[in-house]
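**Student:** Spelled out from the first residue to the last, the chains are:
Number of protein chains: 2
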Amino acid sequence: MICVLAGGVGAARLLNGLKDVLPAEEITAIVNTGDDVIMHGLYICPDLDTVTYTLAGVNNTETGWGLKGETWLAMESLKKLGGETWFNLGDRDLATHLYRTGRLSEGAGLKEVTAEITSSMGIGVNLLPMTENRVETMVTLLESENEVSFQEYFVKYRHDVAISSVRFNGSKEAKATPGVIDVINKAEIVIIAPSNPLVSIAPIFSVPEISKAIKARKKDTVAVSPIVAGAAIKGPADRLLNELGHEASVEGVAKYYQDWISALVIDNADFERAKGIESLGINCVVTETVMADSQIAASLGSTLLGLKR
Amino acid sequence: MICVLAGGVGAARLLNGLKDVLPAEEITAIVNTGDDVIMHGLYICPDLDTVTYTLAGVNNTETGWGLKGETWLAMESLKKLGGETWFNLGDRDLATHLYRTGRLSEGAGLKEVTAEITSSMGIGVNLLPMTENRVETMVTLLESENEVSFQEYFVKYRHDVAISSVRFNGSKEAKATPGVIDVINKAEIVIIAPSNPLVSIAPIFSVPEISKAIKARKKDTVAVSPIVAGAAIKGPADRLLNELGHEASVEGVAKYYQDWISALVIDNADFERAKGIESLGINCVVTETVMADSQIAASLGSTLLGLKR
Numbered sequence: 059m060i061c062v063l064a065g066g067v068g069a070a071r072l073l074n075g076l077k078d079v080l081p082a083e084e085i086t087a088i089v090n091t092g093d094d095v096i097m098h099g100l101y102i103c104p105d106l107d108t109v110t111y112t113l114a115g116v117n118n119t120e121t122g123w124g125l126k127g128e129t130w131l132a133m134e135s136l137k138k139l140g141g142e143t144w145f146n147l148g149d150r151d152l153a154t155h156l157y158r159t160g161r162l163s164e165g166a167g168l169k170e171v172t173a174e175i176t177s178s179m180g181i182g183v184n185l186l187p188m189t190e191n192r193v194e195t196m197v198t199l200l201e202s203e204n205e206v207s208f209q210e211y212f213v214k215y216r217h218d219v220a221i222s223s224v225r226f227n228g229s230k231e232a233k234a235t236p237g238v239i240d241v242i243n244k245a246e247i248v249i250i251a252p253s254n255p256l257v258s259i260a261p262i263f264s265v266p267e268i269s270k271a272i273k274a275r276k277k278d279t280v281a282v283s284p285i286v287a288g289a290a291i292k293g294p295a296d297r298l299l300n301e302l303g304h305e306a307s308v309e310g311v312a313k314y315y316q317d318w319i320s321a322l323v324i325d326n327a328d329f330e331r332a333k334g335i336e337s338l339g340i341n342c343v344v345t346e347t348v349m350a351d352s353q354i355a356a357s358l359g360s361t362l363l364g365l366k367r
Numbered sequence: 059m060i061c062v063l064a065g066g067v068g069a070a071r072l073l074n075g076l077k078d079v080l081p082a083e084e085i086t087a088i089v090n091t092g093d094d095v096i097m098h099g100l101y102i103c104p105d106l107d108t109v110t111y112t113l114a115g116v117n118n119t120e121t122g123w124g125l126k127g128e129t130w131l132a133m134e135s136l137k138k139l140g141g142e143t144w145f146n147l148g149d150r151d152l153a154t155h156l157y158r159t160g161r162l163s164e165g166a167g168l169k170e171v172t173a174e175i176t177s178s179m180g181i182g183v184n185l186l187p188m189t190e191n192r193v194e195t196m197v198t199l200l201e202s203e204n205e206v207s208f209q210e211y212f213v214k215y216r217h218d219v220a221i222s223s224v225r226f227n228g229s230k231e232a233k234a235t236p237g238v239i240d241v242i243n244k245a246e247i248v249i250i251a252p253s254n255p256l257v258s259i260a261p262i263f264s265v266p267e268i269s270k271a272i273k274a275r276k277k278d279t280v281a282v283s284p285i286v287a288g289a290a291i292k293g294p295a296d297r298l299l300n301e302l303g304h305e306a307s308v309e310g311v312a313k314y315y316q317d318w319i320s321a322l323v324i325d326n327a328d329f330e331r332a333k334g335i336e337s338l339g340i341n342c343v344v345t346e347t348v349m350a351d352s353q354i355a356a357s358l359g360s361t362l363l364g365l366k367r
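Residue numbers (my numbering), protein chains in the order written: chain A, 59 to 367; chain B, 59 to 367.
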């Protein structure tokens, strides 16, 4: 069994690659829920949904989120009513949030609801929300000094604004979802997906017992750098690293993760930086990491599995 | 200014008829909220929405509820997820519930949210939810003795099952929505729409201060019988009257309302029963009440306005 710490799109691609080289049932992903947002009374889990939809093969590749072939009639009508529509929800996508919200209001836990949704969608990979408590990734905007939710920063402001800090509201009191610590303890390898370190993986680490459990598995924990040649494949990871005092490079990623990992996978484009990584006491694996197609993703999956002790 | 106590479809038609014979702004409808239901975390007000959509001319005449030209993609997807879909919500209709739920969660009152929705939809008639507290119309099924919400009885069981009692959970503590008592006190005439007496109008009366205020206006209060020739125009009013020990006739309606009204409008089909009504001390007006088209509705509206002192 292997364990993957996951954010959204990058993690979903990696999980698809891993699924091509070992049975889906042997993979458990611990998914960030710091981005979760309650909109219009609906409980929305963007990272869980991105991973779910991608693994089910029904993700919208044009938008990079949501379902393919989606329609937008509910949002069009909501706009006419003067409602907030910056967080766009497709008609079919709404069903996921309706289902989740209904089940949660009946008293089901997020783990149980996630299992129901992934099972309905025929996904073999086991998805565990990092916590069933509410942890909220909050971002302080540099100029206005306003603190906003991650989705406001990411979607409403299209991450087109500098930030000065990030915090994870509620994380100190949060417990790992039942099963999470056990999976970390027992996994043959723990893989940190190429997700944004500061706002996709850091929320997972912000749950104290998860951070501690991963540290105890440091020798078996490997991260895939989301930074390639100084830039993020997708999203604002590079800018956030800079804005929050890190280096937007594979070395910056290595330093950020050095308490938790013993190996970092970097892209061929950064091969000259391998020595710098190794000088930090972190094994460096150089390979193709930009998962432009399923073959590259599967190849990266194989490389990662090859790192099992 | 006139005041109308309203349930769903029958009330909506009457309000349209009244709107044709006096300015919409002079009409205030106090609308039943006992049928309100929380589904999938969304706050749904079936009677408010039926009246709103009908007055806006966007109601679905095929289904008798919801919006015309509706699509059902969210519900189709929810069904695939194994979610509850017996309470069918169209994609565009969902927007109304998303808007309402979002605004309520922000702390707005149901009166305020209703005003926002009706204003967006260009409705001049003033709609007041009977209360901003939660009053739930609960129905006990005769055979199983299970108590279910009104929507479960009405939609899930398609009111195709006998009931033994109705109660209005929370009504004793409920307060009238601000403005409701003032409207009742000041209206030139109070009209009880041809809605189901036991489950559309009774919930309104179940709020103590509303019942008391209407009784104080008894001389100026007139009901339109929803029973014509012993049958309901729509829905289970006739069966419910029988099941709960009343008579499914205009006399039964008159007796049920006699504490609150001084006049009852009955259909031409029941002209022979006028004397029976009058023997109860209730003025009886005989006219065409089945609002098959807008002309009949307007004519009924004129007749009602003619009853003003």
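Accuracy of the hints is not assured; some may be wrong.
Same chains, same names: a pair is fine if it fits in one copy or spans any two.
[To be verified] Result set (DSSO-like, lysine-lysine): computed pairs, CA atoms no more than 27 Å apart in a straight line:
#, residue 1, residue 2
1, Lys277, Lys137
2, Lys138, Lys169
3, Lys126, Lys137
4, Lys137, Lys169
5, Lys137, Lys230
6, Lys214, Lys138
It is worth saying that the hints were derived from the structure and are not from the lab.
**Student:** Which holds for Lys126 with Lys137 at a C-alpha limit of 27 Å: within a copy, between copies, both or neither?
**Tutor:** Both: 22 Å inside a chain and 18 Å across chains, each within 27 Å.
**Student:** Pop the pair Lys214 and Lys138 into one bin, within, between, both or neither, using alpha-carbon distances up to 27 Å.
**Tutor:** Within. Shortest intra-copy distance 19 Å satisfies the 27 Å Cα cut-off; inter-copy 30 Å does not.
**Student:** At most 27 Å between alpha carbons: which applies to Lys137 and Lys230, within, between, both or neither?
**Tutor:** neither (38 Å within a copy, 38 Å between copies)
**Student:** Is it within, between, both or neither when you check Lys137 against Lys169 at 27 Å Cα-Cα?
**Tutor:** The answer is between: 20 Å across copies meets 27 Å, while 33 Å in one copy does not.
**Student:** What label fits Lys138 with Lys169 when the C-alpha limit is 27 Å: within, between, both, or neither?
**Tutor:** Classified as between: cross-chain Cα gap 19 Å, same-chain 36 Å, threshold 27 Å.
**Student:** Go through the copies and call it for Lys277 and Lys137: within, between, both or neither, with a Cα cutoff of 27 Å.
**Tutor:** neither (51 Å within a copy, 45 Å between copies)
Checked against the numbered hints given earlier, the structure breaks hints 1, 5 and satisfies all the rest.
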